[in-house]
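2 protein chains.
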Amino acid sequence: MQKEVAKAIHSFFHPSSIAILGASETTMYGRGILEYLQQLGYKGKIIPINPKRDQILGIKAYPSVTKVPDPIDVALIIVDRKYVLNSLRECAEKGIKSSIIITAGFQEADDEGRELEDKLTKFANETGLRICGPNCAGLANIKDGIVISLLREEGRKLLGGNVGLVSQSGALMMALAGVARDKEIGLNYIVSTGNECDLEVSDFMHYMIEDPSTGVIAAFVEGFKDIQKFREAADLAIQKKKPIIVLKVGRSELGENAAASHTGHLTGSDSAYNALFKQKGIIRAIDTDELFEMTKIFSAGKLPKGDGVIILTSSGGTGSLTADLCGDLGIHLPDLTGSTLEELLSLEGLLTFGKLGNPADIRGQGMGIIKQVLPPILRDEKFSVILICLAFSTVGPGLAQKIAPDIIELSKTTDKPIVVLWIGRKKKEDITGLGCGFDLLEQNGIPVFEKPLTCLRAIKALIEWNQFQAPRKEDVKVEEASFEISKEDISRVLGNKEGPLNEFESKKLISLYGIPITHEKLATSVEDAKKIAKEIGYPVVLKGMSHDITHKTEAGIVALNISDEVKLEKCYMEILGNAKKYNPKADIQGVLVQEMVKEGTEVIVGMSKDPQFGPIIMFGLGGTFVEVLKDVSFRVPPITHRDAEEMIKEIKAYKILEGVRGKKTVDIESIIDTIMKLSKLSLSLKDSIAELDINPLIVFEKGKGTKAVDALVIRK
Amino acid sequence: MQKEVAKAIHSFFHPSSIAILGASETTMYGRGILEYLQQLGYKGKIIPINPKRDQILGIKAYPSVTKVPDPIDVALIIVDRKYVLNSLRECAEKGIKSSIIITAGFQEADDEGRELEDKLTKFANETGLRICGPNCAGLANIKDGIVISLLREEGRKLLGGNVGLVSQSGALMMALAGVARDKEIGLNYIVSTGNECDLEVSDFMHYMIEDPSTGVIAAFVEGFKDIQKFREAADLAIQKKKPIIVLKVGRSELGENAAASHTGHLTGSDSAYNALFKQKGIIRAIDTDELFEMTKIFSAGKLPKGDGVIILTSSGGTGSLTADLCGDLGIHLPDLTGSTLEELLSLEGLLTFGKLGNPADIRGQGMGIIKQVLPPILRDEKFSVILICLAFSTVGPGLAQKIAPDIIELSKTTDKPIVVLWIGRKKKEDITGLGCGFDLLEQNGIPVFEKPLTCLRAIKALIEWNQFQAPRKEDVKVEEASFEISKEDISRVLGNKEGPLNEFESKKLISLYGIPITHEKLATSVEDAKKIAKEIGYPVVLKGMSHDITHKTEAGIVALNISDEVKLEKCYMEILGNAKKYNPKADIQGVLVQEMVKEGTEVIVGMSKDPQFGPIIMFGLGGTFVEVLKDVSFRVPPITHRDAEEMIKEIKAYKILEGVRGKKTVDIESIIDTIMKLSKLSLSLKDSIAELDINPLIVFEKGKGTKAVDALVIRK
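For the protein sequence lines, the chains are A and B, in the order given. The first sequence begins at 222 in this note's numbering and counts up by one. The second sequence begins at 222 in this note's numbering and counts up by one.
So that you can see chain A by itself, here it is in the shape it has in the complex:
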């Protein structure tokens, strides 16, 4: 990240002075923002800019920023769109480096708006005056009470914390800040980036990742303008161990594409986002509610050491419910055994009431002595996350005031995450005097959930994120030195035309990148074919090669399992005949003579291109699995060994690769190798090829490798 950008963003959140261009006593924005800054006791200087007024709400106003004697850190622009560029010019003249344009009516509005916005972008690039917006809802430093936005917390205080919020939607930034406040989640910096004529979501993310006071980043995104910038921010987040939780929308807006390859047909940019998020350990939330429910558990700041969860519940029904959901989500519930169980059994009164398994149903009575119940569990290394489920009856008057403080106290003694699932009334007015247990827990940083499914999804995300972060052995890289790639060879294969390569050429190309292919040669006469077949050894396969025929089977120009010269001659002639019949104008490059591959498992590995992401790699099982069930996985190059391994294990039919019905496990390592080589190919040839299918790639049993039996490369 450029230092200058970081500096500009720093000013946004820590301004010594804010000029409001368009301040007024009468308009909603012009008055509202100024007034709220005053109310919050903003300690810096507020400078209203309005050519028609001497003062606004008791503060001296200036006709232009250029007339202000003091330095200005941030310019907030809320003037009509036609004056925006001029305002920016004056800001630049004044030496301002950070501006927020709330004014709408640009990119999102009409042609005139689009033209105007292009000018803003150009101006920012030329002058280095950074812009947040236009068409945004501003930003705020909630922790320090500086709100440069229409956002208001009427009737209650802002709640500062360690959560950064970045939203492209202005309305949702304000709405989400309200949601966070309702959930007692403390915010740090929040920003809406609007049309992103200059600064974008990733810039603010980057700043927050670098910022020590931000612990978690929540984001609402409709699309990243610059994927590379986002990747860099995500990489930095991995390095700094900062969780990023993203609600990415706009999936339904994807159009159908009309690609020639299977891979191209099955890839949408949402699959690319999903893949990249997985590769970078980004947590993906399903909706606005989950965005902050997930954030809550990360914001508490405790990470589990392992994946074992124990459930303590006050009701058997809640135990069954949570166990079901753990089953659905694949959350590990280790058995409650050994000395931990013994210690619990020795607690007076506990055995009488409960069922001590996992879930452990300790009933209301057990909750009453939670201070004795929890310590043995906290000492047990099998349990990394403690989930306490409270049903209302347990925490009625009296008990609520006791259990909540007990949990809060215990939580202070451990670095294991303690999470509370609270089912039942939670409204403040419930319990008078001492305050409600729910609120107490929330206010003391215990993640407390009302919705069982969301609670367990959040726990699962916490465990998975932590596993992603865990130190691991260096990812194996494809050996650069293990094979020479001659640029000349590549150019010769690719030629200088557009459109498909034939199978022979396609396979030559992938073999240059070290992907094993069938023994084969192109024959241009029957005699030639016979000679090659002899060399390769019968049985062989014959395939007609033509740039004009991609569906070879349909055209009848494939002959399998040819056992001798007589049959070869017959098939050769048939293939030529069928090709002519199928497409009389087809240019035939020859007939490919190919080894007949012995049985193996068919998989597909392919590459397709997304306008934003560039190459995307797909993996799936051959046949129906890809075509009908669309059981495929994606990753974005560069693909590491671990990425490749995960993408293979991700498909539903993975079990087939592990061996079913008496079949042996296939050579998974060899598929990984192929995927990594294809990743390398896709990056180095990204400007030359548009799509690539290896279909099928035959995988043999463990240790015996793979072989590409057919391939299709589409040139750009």
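In short, the hints are calculated from the structure, not lab data. These numbers were taken from a predicted model, which means no experiment stands behind them. Heads up, some of the hints might be wrong.
[What the hints assert, rightly or not] Below 30 Å or equal to it, Euclidean Cα-Cα: the simulated DSS-like pairs (lysine-lysine) are:
hint, chain 1, residue 1, chain 2, residue 2
1, A, K851, B, K499
2, A, K851, B, K923
3, B, K499, A, K819
4, A, K603, A, K633
5, A, K224, A, K404
6, A, K851, B, K884
7, A, K819, B, K851
8, A, K446, B, K576
9, A, K901, A, K501
[What the hints assert, rightly or not] Derived list of chain B stretches under chain A, where covered just means 3 residues or more per stretch with a C-beta under 8 Å from a C-beta of chain A:
hint, region
10, 356-368
11, 464-471
12, 638-647
13, 669-676
14, 844-854
Heads up, the beta-carbon is just placed ideally off N, CA and C, and yes, glycines get one too.
Starting from the known structure of chain A, fit chain B onto it as the hints suggest.
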């Protein structure tokens, strides 16, 4: 439902007098319930029973119910478990018909408890004194303010409404009542059934379905004691058009079973529940939160006429988000076009701001004139549900007070469901003076949601339930008269042993029920086999038949595609040899000579038995789909035409049956017919057979039927 049971339940909810056996001034239960009844101003008679006191909390107490001069409607029993049976005896003597036993320590506790509970059940059966419990948390008539339970709404009023709540868990009944109250969902009758020594969930459901004041039933269930009773309640609910929303837990407690057939192996009782719920239009909630979120939308009482939903949103981001979720859930968003669009475009001010598609982004300004925006949409028949999405910024001070009443007013003018999704702060203290828009909407019966996914799942459930209820043509019944089933034939095939039938016998059995099988005959000599093969016509298949060998292929006793007598003889001898090798002790019943079936699509249809549900029918595609991907569906007999059709369409691989890769659609109607025949078989032979697989059932192209190529029947 027995009249006497209905009467007893009626007394529970409308008692003229309640005796509290174990009333006291000092114990939590003994005092608490009495006190709360007083506080609520219960108009009937409260009669404390306590042999040691003359009066409790100012009310005259009696030593026993038998000493009470007035009649008693309901006995609430909270005495120690060892006195419970005696208390019941006295109640019976007094002529009481309805009792609630809150006391725990029975079935759930220990052997002594189980014995005691058996006695309670016996006593109830003998005397007709109905029992709710033991180990329950009582029940309540919330609408009339009669709470015979520890449930309390401290500091706020009970909220009466049309929702009945039935819960097996006592703790959760109370917790869920609190959740409902928090969500401003009005309850009618609520009950916890505890151990169900007598009355069970289905009895109370039945009562509530019959009861005109109950509109919706929400239930928390760990398992139905008597499935048949639940089926009858569900059938009544269909007839009375009352939605039942069930949270059924305990899925994770299913053990692995060790069945011989695929069907048996893949069936768990949760699949049976799922199947039955689908067959009966029961809505299944995923957790306690969704249970009441779903209830909310049904409780409002408006049903959509079609499946078209329109989304009006104040923010583009929310529009994208909700459209994504509609895509995921398969919710239909018809285009906004024609005269409706024209009318909207003619509204002053609307065009300037919004994007009028579906979702229609009308921004805050459009929401401000919602009274003009909504009428044309309400008139458009394409739109059956209106979802209004409000982000906080839209409904800040001022606007909230305007929009909420506008929506409430509009809702009164239409019978289309209007649903509000509210993203942003909702707490009461937000907007002073006029009250918060969120609360206003809630209190006026508009279903208002905070969680986008839950909101759309609820809308989807509403639409689907309504479609389920829609009048439809009478389900086709399997023609009883189309084939004669001779009981003698059946007995002859089944024999009188346990364990597997061989393929020949199994297929004979299913063919007696009209399921088409391959042409085949059992040969006991080579000559015999040759004769049969000639009759059937070559090519044929030979299969060794033995009750002792179920895995024929593994044993090497299947020979396919035999083209002539020479090959037949050779294979015949091989099969006999292999059978001996595989299992020297195997009893060979002969060699089956079978027609070789021409290509078709392999599916599996099977039957397995659940201890509770009895027979369950499974359907899936052959091979990997069933074995590896477990892509199967279930229904509980009797299976209607519609059930069978739905179960076929439910599997993920359904597209394969519709025809892919140039293949024609298969004969779906014929699979339906087979499933219905199997349903019939499974009911009529439920006492004789334990499992049944038809694997494969070959399905030919549309109009050409099916043929069972192999089958396995396991006798009980």
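Which numbered hints turn out to be false for this structure?
-> 3, 5, 10
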